[in-house]
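Here this note's numbering is used: the first residue of the sequence shown is 1, the next is one more, and so on.
No lab work stands behind these hints, which were simulated from the structure alone. Where hints are given, some of them may not hold.
[To be verified] Taking CB as the label site, the calculated pair distances span:
#1 T27 with G106: 30 to 36 angstroms
#2 F103 with I26: 18 to 24 angstroms
#3 Q46 with E85: 16 to 22 angstroms
#4 S73 with T39: 27 to 33 angstroms
#5 V108 with H25: 24 to 30 angstroms
#6 N76 with H25: 32 to 38 angstroms
Built from N, CA and C at the ideal position, the CB exists for glycine as well.
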Amino acid sequence: MTKCEIMALAGVLFMAGCSVGEPAHITANGMVKWSDGQTEGMHISQTGSSLTFANYSNEVGAPPLVIFARIDSARNDDCEYFYVETAVKERLKVCETGEVTLFNRGKVIKVGHMVKPRY
């Protein structure tokens, strides 16, 4: 390869690595207000068995949506647990009080509170 071809290839790879697509748009019927002040819309299925979030990850090849499925056998007191099928170690704990905890590999990543808007 010539020097120009190498530079052109490096430029294309650099631009591809820096481009971040827009997350998918969802019709949110609920919201989580995280302790850091961020709010994140989510779609709660009619049965309550899944929670869908737009994926704001900067990871290359990350899916546009993150869907948490309820683990029916993992109810603890007033809390329910959800997991992501493509990333089983990523869990979400949602309590009847509205408390939400996001875990990754057993470590707490974020805590917040679920809010359902009034219609």
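Numbered hints the structure breaks, given as an ascending list: Violated: none.
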